[in-house]
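For the protein sequence lines, the chains are A and B, in the order given. The opening residue of the first sequence carries number 157 in the numbering used here; numbering runs sequentially from there. The opening residue of the second sequence carries number 157 in the numbering used here; numbering runs sequentially from there.
Keep in mind that the hints are not guaranteed to be accurate.
Since the list gives no way to pick one copy over another, a pair counts as held whenever it fits inside one copy or between any two copies.
List time: in silico DSBU-like cross-link candidates among lysine-lysine, alpha-carbon distance up to 30 angstroms [stated by the list, open to error]:
no., residue 1, residue 2
1, Lys358, Lys328
2, Lys218, Lys328
3, Lys182, Lys354
4, Lys344, Lys302
5, Lys324, Lys208
6, Lys354, Lys158
7, Lys358, Lys270
8, Lys344, Lys208
9, Lys197, Lys158
10, Lys160, Lys361
11, Lys354, Lys160
No lab work stands behind these hints: they were computed from the structure.
Protein chains: 2
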Amino acid sequence: MKNKAVILLSGGLDSTTVLYYALSRKYECHCLIFDYGQKHKKEIKTAMKIAKMLKLNYSVIKISMPWCKSSLVDESLEIPNHKTIKKGYVPTTYVPGRNTIFLSYAISYAETIKANALFLGVNAVDFSSYPDCTPKYLQAMRNVLKALENNIEIFAPIEKMSKTQIIKLGLKLKVPYQYTWTCYNGTKRPCGTCDSCKLRAKGFKEVGIDDPAIKKSSGK
Amino acid sequence: MKNKAVILLSGGLDSTTVLYYALSRKYECHCLIFDYGQKHKKEIKTAMKIAKMLKLNYSVIKISMPWCKSSLVDESLEIPNHKTIKKGYVPTTYVPGRNTIFLSYAISYAETIKANALFLGVNAVDFSSYPDCTPKYLQAMRNVLKALENNIEIFAPIEKMSKTQIIKLGLKLKVPYQYTWTCYNGTKRPCGTCDSCKLRAKGFKEVGIDDPAIKKSSGK
Chain A
157 MKNKAVILLS GGLDSTTVLY YALSRKYECH CLIFDYGQKH KKEIKTAMKI AKMLKLNYSV
217 IKISMPWCKS SLVDESLEIP NHKTIKKGYV PTTYVPGRNT IFLSYAISYA ETIKANALFL
277 GVNAVDFSSY PDCTPKYLQA MRNVLKALEN NIEIFAPIEK MSKTQIIKLG LKLKVPYQYT
337 WTCYNGTKRP CGTCDSCKLR AKGFKEVGID DPAIKKSSGK
Chain B
157 MKNKAVILLS GGLDSTTVLY YALSRKYECH CLIFDYGQKH KKEIKTAMKI AKMLKLNYSV
217 IKISMPWCKS SLVDESLEIP NHKTIKKGYV PTTYVPGRNT IFLSYAISYA ETIKANALFL
277 GVNAVDFSSY PDCTPKYLQA MRNVLKALEN NIEIFAPIEK MSKTQIIKLG LKLKVPYQYT
337 WTCYNGTKRP CGTCDSCKLR AKGFKEVGID DPAIKKSSGK
């Protein structure tokens with residue numbers, strides 16, 4: 157029997173690399189895409205485009221968190237950048253409980269289609285101030301799956317990689333980075349100044365190649 | 157500072173008793189009500205009515221699980237009763253991942269309003285075949301909260317009680333059982349034959365009083 161996996165796909169660099177990794181491991185991949193009220197829908201569209209391109213099953217789930225005060229969803233809050241984020245503090249881009257909500261839907265989906273794996277693009281290196289991206293959080297979620305006795309394993313293949321290592325892995329797996337969307341803002345082209353853009357740029361710089369997503373739109 | 161709690165409220169006998177228990181412990185209670193595509197909306201309306209009656213904050217969250225094949229949400233499946241459920245099997249009323257999804261929203265809500273407690277009506281005695289109602293599942297979820305370092309505790313005060321014990325506790329706390337809705341079906345009056353109705357009836361019989369919800373509608 158073929159191994160089946162549910163992939164949490166945001167259309168960003170990390171989760172797309174993880175999707176290509178799971179495919180390279182011969183998993184039959186089913187993508188879960190979340191619409192959690194992001195200020196822009198570019199993320200969702202990008203994720204759908206990638207799933208369609210690969211002819212994979214996917215489901216887009218709308219999540220409402222009326223109480224949510226993250227700058228990713230609240231129009232009244234500005235998205236911070238490296239200069240405005242204090243070390244040791246959780247940035248306002250943190251969406252409370254987000255990864256647990258994502259994972260719980262993934263568990264439901266995986267149990268239903270009898271998948272035996274969940275793949276996540278969680279990364280503990282770059283976003284160490286998010287409490288739901290730490291290794292001990294992931295381990296706790298693995299124990300939840302054990303308690304549910306559903307034989308589903310959580311894989312976070314890029315968990316301990318730097319952005320540079322992730323990009324190197326992705327290039328080997330032929331990830332079409334020109335299609336991925338990393339920016340927190342919904343501008344036509346990546347803003348280049350948000351936290352997420354900066355990390356991505358740093359990664360490509362260290363690998364020593366141009367970011368194909370930027371290259372593609374460099375005509376301005 | 158007053159203790160704040162998020163209560164998962166379905167409007168049923170169990171969760172309503174738990175709400176009254178949390179109130180008796182002087183918690184400022186915020187109710188979370190889920191619309192997960194139940195065949196009938198009576199459950200949701202009942203929960204809202206109870207929250208309003210007590211003048212409590214509440215949030216109704218719509219959850220979509222397009223893959224879900226539970227008989228509670230799938231029109232093509234009949235809701236089983238005691239006679240049709242085989243021992244050791246998970247009944248078709250099980251909604252895959254449901255409690256994890258509910259809890260994950262509760263975590264998000266509680267983190268945002270800085271609550272320090274979650275109260276659940278989970279019961280391990282009557283529904284022992286649901287994998288997300290077991291003591292080891294709850295313990296695993298408690299460890300997730302520990303990993304998130306949010307100082308939120310999970311309380312499941314009726315976890316190990318029989319239906320009879322729950323009703324006795326509720327009567328002491330003056331729970332208005334006439335308003336609670338337990339039946340899996342959305343008929344005008346409780347069907348009396350589904351799993352959930354049978355358990356409730358057995359409980360009231362053992363306590364030695366009439367179910368006020370049945371009494372109320374006994375005029376037929």
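Between the shortest in-copy and the shortest cross-copy C-alpha distance, which are at most 30 angstroms for Lys218 and Lys328: within, between, both, or neither? Intra 33 angstroms, inter 41 angstroms, cutoff 30 angstroms: neither.
With identical chains treated as interchangeable, where does the CA-CA distance between Lys354 and Lys160 reach 30 angstroms or less: within a copy, between copies, both, or neither? neither (34 angstroms within a copy, 39 angstroms between copies)
If the cutoff is 30 angstroms on CA atoms, where do Lys197 and Lys158 land: within, between, both or neither? Let me know, please. Answer is neither: 33 angstroms inside a copy and 39 angstroms across each miss the 30 angstroms cutoff.
Is it within, between, both, or neither for Lys358 and Lys270, if the alpha carbons may be no more than 30 angstroms apart? Neither. Shortest intra-copy (39 angstroms) and inter-copy (35 angstroms) distances fail the 30 angstroms Cα cut-off.
Could you place Lys324 and Lys208 in one of the four classes (within, between, both, neither) given a Cα distance threshold of 30 angstroms? This pair counts as within: shortest intra-copy Cα distance 24 angstroms, inter-copy 56 angstroms.
Within a copy, between copies, both or neither: where do Lys160 and Lys361 come within 30 angstroms Cα-Cα? Neither: 35 angstroms inside a chain and 48 angstroms across chains, both beyond 30 angstroms.
Within a copy, between copies, both or neither: where do Lys344 and Lys302 come within 30 angstroms Cα-Cα? neither (43 angstroms within a copy, 40 angstroms between copies)
Intra- versus inter-copy proximity for Lys158 and Lys354 (alpha-carbon distance at most 30 angstroms): Answer is neither: 39 angstroms inside a copy and 42 angstroms across each miss the 30 angstroms cutoff.
Within, between, both or neither, where Lys182 and Lys354 count as close if Cα-Cα is 30 angstroms or less: neither (33 angstroms within a copy, 47 angstroms between copies)
My question is about Lys344 and Lys208: at a cut-off of 30 angstroms on alpha-carbon distance, are they close within one copy, between copies, both, or neither? Within one copy only: 21 angstroms inside a chain, 45 angstroms across chains, cut-off 30 angstroms.
Using 30 angstroms as the alpha-carbon threshold, which applies to Lys358 and Lys328: within, between, both, or neither? within (19 angstroms within a copy, 63 angstroms between copies)
Hint compliance for this structure: hints 2, 3, 4, 6, 7, 9, 10 and 11 are broken, all remaining hints hold.
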